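Undergrad: Assemble the complex: chain Y is given as a structure, and chain D must be docked to it using the hints.
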Amino acid sequence: MAIPDVIDLTKSGRDPTFPHRLGADGSMLHRCIQCGTCTASCPASEAMDISPRRMWRMVQLGLVDEVLDSKTMWLCSLCYQCQVRCPRGIPLTETITHLKQLAMERELVSSHQSEAFYKAFADVMRRYGRNREMEFMVRYFLQGNPLTAFKFVRMGATMMMRGKVHPELPVDREGRSLEKLFERVAELEAEA
Amino acid sequence: MKYLFYPGCSMDTSALEYKRSTAAVFETLGAELEEIPDWTCCGASAASVASDLLGHVLPARNLALAEQIDEDLTIVAGCSACYTNFRRTQAAVTRDRALLDQVNRALEVEELTYKGKAQVRHLMDVLANDFSPEEIRAHVKRPLEDLVVAPYYGCQTVRPFSPYDDDQAPTSMLPVLDALGVTIQRHNREASCCGTSLLMTKQEAGVRMVAEVLDACEGADCMATVCPMCQLNMEGYQDKVSKVLGRRVNLPILFLPQLMALAFGLPDDVTMFERHMVPFKPVLSRMERTAPVAAN
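Protein chains in written order, with this note's numbering: chain Y, 2 to 193; chain D, 0 to 295.
Here chain Y stands alone, though its shape is the one from the complex:
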């Protein structure tokens, strides 16, 4: 969804509680003075449809749909540059993680690939306790767009040739499964 340069605030449905839905860190967003240090510091801002500075203003204004449908948070690589430079001391990078959580719930096609990445990784952690790189990649390709695999054919082949990765069958659980721990966390979160 393209974001217009001018957003008509009288027509958009707005949720003033939006910043507070982003955890304790999000409620600090009212401090933002729109200085733009975050955008200037972000190594991926060029690829974003909403710049970080603009996105934080939109969060303040409660523009939930526009923010969560954007690809901005999915382009954050957690480099913490905006957070350590923010003159208002807002934990911006931490807040991005909460935006990702809320966006995940919407199951949008536009963020499908990023979500597939996180889901595949969580699945492997849960089953084996440690990442198994080849299985993770296969799960990621299958959960996301399988054609993505072609982007990695050459690199994967080189890595195998150099002995950096090995073909793996999804059988060896090595007794480190975190199934029980994941279940327990889900129970505790349901209680809260």
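Simulated from the structure, these hints should not be mistaken for laboratory data.
Note that the structure is predicted; figures quoted are calculated from it, not measured.
Worth double-checking, as some hints may not be accurate.
Claimed, not checked - Far from chain D, by Cβ distances over 10 Å, these chain Y residues were calculated:
1) ILE4
2) SER13
3) ARG15
4) ARG89
To be verified - Under the rule of at most 16 Å between Cα atoms (straight-line distance), these lysine to aspartate or glutamate pairs were calculated in the EDC-like manner:
5) D:LYS1 x D:GLU34
6) D:LYS140 x D:ASP267
7) Y:LYS152 x D:ASP238
8) D:LYS1 x D:ASP71
9) Y:LYS120 x Y:GLU134
10) D:LYS1 x D:GLU26
11) Y:LYS152 x D:GLU203
12) D:LYS242 x D:ASP214
13) Y:LYS181 x D:GLU109
14) D:LYS242 x D:GLU203
15) D:LYS280 x D:ASP267
16) Y:LYS181 x D:GLU107
17) Y:LYS72 x D:GLU203
18) D:LYS1 x D:ASP69
19) Y:LYS181 x D:GLU110
Even glycine gets a Cβ: it sits at the ideal position worked out from N, Cα and C.
TA: Frame of chain Y; chain D shown alone:
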């Protein structure tokens, strides 16, 4: 000196050369590294996206295991993402005791308790601050005088937790490299991000980030890294980076302990240079051709 060691998933598999060289370098320097038995994934960037609590429970499980061995021993992490996750959880439970209780209610199923005491330091911090350059220099058997090295810290090595270095313009690697005898090539992307998982999910944006860093290192013989994610991204996409930059980029990306092991004269099964996707061998051969013959 004794440390507990958390290798993390990458160091145990695709970045095995990092683990192997780290272990050997510590041994040479007379320090003991004890791997935390039964360690599991720190949660990477995925656990906290799944849930806040999971994002703290997975690091805490490992910190609890470490405390069980000896809560006074420092844990060394060589992966910047693991390091950041541990520090993040440690900081969060220190601020919020209710969170610590919640974490421990989860850890009950593993029969573990996290006290919030375990101290975690980055391998870069330990190498720079627990061993003096003179100590390191004393073990150098083969000064790497003919090697131009671009240092690269990446982001989470120094951000947001950097009690040992500046989070914008880090310098902790310099005395270590200097002790090895290399020529250091400073550049303006030393603490820029490697793009992490963007290379998997938003590849175009990720490749641009890698390209900026590699472009800044033009002219170096190799790059020295201290994070498996940085190393993989900097090494694995150079064909795509070459297209972006319009020139062929072919820069070997090494782990700092591999360079230390090389200078210490440790054997090939420690340095494991053959595992790199961008071969380091041509640089090594050139060094051997130009090196003065050692007087035996």
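Undergrad: All hints are to be evaluated individually against the structure, with a verdict given for each.
TA: Results for each hint:
Distance check on Y:ILE4: its Cβ is at least 18 Å (rounded) from any Cβ of chain D, clearing the 10 Å threshold; non-interface status holds. With 10 Å as the threshold on Cβ separation, the claim that Y:SER13 sits away from chain D holds: the shortest Cβ distance comes to roughly 27 Å. For Y:ARG15, the shortest C-beta to C-beta distance to chain D comes to about 25 Å, beyond the 10 Å cut-off, and the non-interface label holds. For Y:ARG89, the shortest C-beta to C-beta distance to chain D comes to about 15 Å, beyond the 10 Å cut-off, and the non-interface label holds.
For the hint linking D:LYS1 to D:GLU34, the alpha-carbon distance of about 11 Å falls within 16 Å, and the restraint holds. Simply put, D:LYS140 and D:ASP267 have alpha-carbon atoms about 15 Å apart, close enough for the 16 Å limit, and the pair holds. With a CA separation close to 12 Å, the supplied pair Y:LYS152 and D:ASP238 stays within the 16 Å bound. At roughly 10 Å between alpha-carbon atoms, D:LYS1 and D:ASP71 fall within 16 Å of each other, so this suggested pair holds.
At roughly 14 Å between alpha-carbon atoms, Y:LYS120 and Y:GLU134 fall within 16 Å of each other, so this suggested pair holds. Distance check on the hinted pair: D:LYS1 and D:GLU26 sit about 10 Å apart at the alpha-carbon level, within 16 Å; holds. Note on Y:LYS152 and D:GLU203: the hinted pairing holds, with a Cα-Cα distance of about 11 Å set against a maximum of 16 Å. About 12 Å separates the Cα atoms of D:LYS242 and D:ASP214, which keeps this hinted pair within 16 Å; it holds.
With a C-alpha separation of about 8 Å, the suggested pair Y:LYS181 and D:GLU109 falls inside the 16 Å cut-off, and the hint holds. Between the alpha carbons of D:LYS242 and D:GLU203 the distance comes to roughly 11 Å, so the proposed pair stays at or under 16 Å and holds. Pair hint D:LYS280 plus D:ASP267 holds up; C-alpha atoms about 12 Å apart against a cutoff of 16 Å. Between Y:LYS181 and D:GLU107 the CA atoms are separated by roughly 10 Å; this keeps the pair inside 16 Å, and the hint holds.
The straight-line distance between the Cα atoms of Y:LYS72 and D:GLU203 is roughly 14 Å, inside the 16 Å bound, and the hint therefore holds. As the CA atoms of D:LYS1 and D:ASP69 are separated by approximately 11 Å, the hinted pair is consistent with the 16 Å bound. Distance hint between Y:LYS181 and D:GLU110 is fulfilled; the C-alpha atoms sit about 11 Å from each other, no more than 16 Å.
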